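Heads up: the sequence lines are chains Y and H, in that order. So for the first sequence, my numbering puts the first residue at 1; every next one is plus one. So for the second sequence, my numbering puts the first residue at 1; every next one is plus one.
Rather than coming from a laboratory, the hints here were simulated on the basis of the structure. Keep in mind that the hints are not guaranteed to be accurate.
Claimed, not checked - Taking lysine-lysine and the DSS-like style, the derived pairs with C-alpha atoms no more than 30 Å apart in a straight line are:
id, chain 1, residue 1, chain 2, residue 2
1, Y, Lys-423, Y, Lys-435
2, H, Lys-39, H, Lys-156
3, Y, Lys-424, H, Lys-272
4, Y, Lys-272, Y, Lys-37
5, Y, Lys-326, H, Lys-423
6, H, Lys-326, H, Lys-39
7, Y, Lys-236, H, Lys-326
8, H, Lys-400, Y, Lys-264
9, Y, Lys-326, H, Lys-424
10, H, Lys-435, Y, Lys-34
11, Y, Lys-400, Y, Lys-9
12, H, Lys-435, H, Lys-424
13, Y, Lys-326, H, Lys-9
14, H, Lys-236, Y, Lys-400
15, Y, Lys-236, H, Lys-424
16, Y, Lys-406, H, Lys-326
17, Y, Lys-272, Y, Lys-326
18, Y, Lys-33, H, Lys-9
19, H, Lys-156, Y, Lys-326
20, H, Lys-9, H, Lys-272
21, Y, Lys-126, Y, Lys-264
22, H, Lys-326, Y, Lys-435
23, H, Lys-264, Y, Lys-326
24, Y, Lys-236, H, Lys-400
25, H, Lys-326, H, Lys-236
26, H, Lys-236, Y, Lys-326
27, H, Lys-272, H, Lys-37
28, H, Lys-423, Y, Lys-272
29, H, Lys-37, H, Lys-156
30, H, Lys-34, Y, Lys-400
31, Y, Lys-264, H, Lys-37
32, H, Lys-156, H, Lys-236
33, H, Lys-326, Y, Lys-37
34, H, Lys-406, H, Lys-423
35, H, Lys-236, H, Lys-264
36, Y, Lys-33, Y, Lys-435
37, H, Lys-435, H, Lys-34
What the hints assert, rightly or not - Listed next, the stretches of chain H that the computed footprint assigns to chain Y, with coverage defined by at least 3 CB atoms under 8 Å from CB atoms of chain Y:
id, segment
38, 42-52
39, 58-67
40, 168-180
This one's a predicted model, so the numbers in the text were calculated from it and none came from an experiment. Heads up, the beta-carbon is just placed ideally off N, CA and C, and yes, glycines get one too.
Below, each chain spelled out in residue letters.
There are 2 protein chains.
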Amino acid sequence: MNSLPLDVKQMRDHARSIFNAGVAAVAPDTAVKKCCKRKGKYLYIDDHNYDLSHYQSIYVIGAGKASAPMAKALEELIGDNISDGLINVKYAHTEPLNSVQIVEAGHPIPDQNGEQGARLIVEIAKRATENDLVLCVISGGGSALLPLASAGLTLKDKQDTTDILLACGASIHEINTLRKHMSAVKGGRLAEAIYPATCVSLILSDVIGDDLDTIASGPTVPDSTLFSNCMDIIHKYDIGDHIPLNVLQHIQSGANGNIEDTPKSGDPIFDKSNNLIIGSNIEAILAAKHAAEELGYHCIVLSSLIEGETRDVAQVHTAIAREILKTGHPIDPPACILSGGETTVTLQGGGLGGRNQEFALAAALDIIGCNNIVVLSGGTDGTDGPTDAAGAVVDSQTLKRAISAKLDPMVFLNNNDSYPFFKKLGDLLITGPTKTNVMDLRIILVV
Amino acid sequence: MNSLPLDVKQMRDHARSIFNAGVAAVAPDTAVKKCCKRKGKYLYIDDHNYDLSHYQSIYVIGAGKASAPMAKALEELIGDNISDGLINVKYAHTEPLNSVQIVEAGHPIPDQNGEQGARLIVEIAKRATENDLVLCVISGGGSALLPLASAGLTLKDKQDTTDILLACGASIHEINTLRKHMSAVKGGRLAEAIYPATCVSLILSDVIGDDLDTIASGPTVPDSTLFSNCMDIIHKYDIGDHIPLNVLQHIQSGANGNIEDTPKSGDPIFDKSNNLIIGSNIEAILAAKHAAEELGYHCIVLSSLIEGETRDVAQVHTAIAREILKTGHPIDPPACILSGGETTVTLQGGGLGGRNQEFALAAALDIIGCNNIVVLSGGTDGTDGPTDAAGAVVDSQTLKRAISAKLDPMVFLNNNDSYPFFKKLGDLLITGPTKTNVMDLRIILVV
């Protein structure tokens, strides 16, 4: 334990290093290598082991913003054994690879490159036999980066249908139900293509709660929804006359039993299949906790599942920080409150910012003069909204400095304009792209 | 520790008994008797002692919704020594008293009874000499219940000025600054009247953070605002031509030094004065914690300072509960999460409910199928919004029951209509008036 009390500058440095420790723990290569160990001809993945000499071919496929460094880590472990492979990644999210091809594609808007890459990935999956092993590297963004429509449909059909569902207020669950039933990849369709090969999916979660069938739309995961559910949704919103005719026919055909439904839990397809979360928000939090404890802070992990309107969520966090100062609940200072997840921002203005910077700005308003609280909120991918910052770091004196600089915090907050506010104050958290993404990390230090 | 696992019904019973324990700890008479002990001719209050035989007269004055039972407790302790007294309470919030008169008055809208009672209270205060002891019993609602304008102003002048400030978007701090400078009681003016008698104020806090100068507008507490601040506010909103002329003249006169400003910290008035918080939200929480521990729960006190939009605050609470089930953070089950404070509801619909019932309804949506979570949110005064319920208790099966009963929770939530929803389900928390108020208490059990 370091000597305390600390000054605010030190606390800010601590917050940054705790954040960095959290992000480092979920770096794609670190996550792959923590989960996968090579010993001679064996590859140990979690509690399974795979005899590499047993397989005729080993393929690496997948998609996602972090999939290139995940594939690179696999190449470093078993590169000599990989026969072939292809992954779709976001433009500029590449790594130099040897056995695995990379296709750079559009995200968040899918494009032709993505479609072409997805087609090649499905071809590899179909080529794999029962004597082969297919390793999938799946991460956030994998849904947009693997855009392949079911036979008879086009990407445009899917997009038009999604737009109509959005416009009539369908829930995200309803939209995903339709999407999975218009796709040749999502909702377990990729696992279907891989079968009868052995399949191991290494999954970096960017989804609250780490639901396997949500991350990248669950290409290797059993789907619980049916074509008949899609028909119910089409009837519910009365959009049968609005969606493309071939989509309607496709769904009707499926509901009538003429197209096989997405693979379900219990299907033999999944007998030789294993889906593993290798990195997620809680792991980043726990690594950050470890780093904070090393620095002498008492730690409390609130939750990795935090959602809600950003400024209200910030208020709850600062209420806990102020209670620590007031009564020593829930823990005594020096304290570190940790949380993760992903909040939302209901836009009121046209400013520039992101949910993490908005969190920090709202928090700064709540901790004026509290000696001493430091609040850091950052996206683990290094990007917060459409800015070059990961988030921001504020302290009990931030607003004082803002007022000296003639910046009215309420004006910036109400205009969702946190980026210029923090840029002027020098309080941005700039990490550059981290090549991983397990949503956001919030660190609040109270001394 | 009781035998666990528990069924949901038991957990719901536990939540109710934990809530009741929290409320009981801040009952006005309990709070007074915990803080004040009589030993022979001495009254020990906190760490001071008062020789009752030393005073010529002992007066009890004050105002607030809980002030009658507070005065009753004082009568039970030192009734034989009380010379005279008068308190203003809300209609029907009375107790049978012997030496202290009760005036029932309007709340939240002040009325003539309140004004008349306030005038008599100030008379008693002025009558007290340096040989006398004045005990004040102050609780929530005391501001509306002690409506006495400064000399030359009327209640209507004050109300009109407040309305104008509200209409032009002035902050609550700005409004209170003006209010204190238009009052013969608020902002330490009552302490001024009591001086040179010895003054002890027993204060039950219904305010987040327990700021002494905010509870009941701080009648016995130093004020930090000035007449000149009032002029600044009038200029800021350019309302000099809109507020009543005699208010403007009164403020100008004060700013020019012709009326003495409200008493400040360091003023001799406060040398013989002591303001004591005898009950507050954190004490209710800690008593609830004790009760939960007795029932075998691991407890975490989040904060007594929780504010923010109700449904977002609920989301943060349920995220913590679900993390407990998922990873055992921040504490292992069986767990009890406790928090207090007062959230807000931005009205979207015209339904019937209150912030506690809305909290429970929003929480119910987040815990569907989580085995097992129980959420209780209740107002410690026994009243939530304009309903006869203190709040509601929900569990992981509440929504299932709602759907069976053909109640769509989202429709009720979006219409701020939580009361009929819970009334139909039998999930209301009904305690009747508790005669105390330290804001809200939230209890979340996770097993």
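(message) Are any of the numbered hints broken by this structure? If so, which, sorted upward?
(response) Going through the list in order, the structure violates hints 2, 3, 5, 6, 7, 9, 10, 13, 16, 17, 18, 19, 20, 25, 26, 28, 29, 30, 31, 38, 39, 40 and respects the others.
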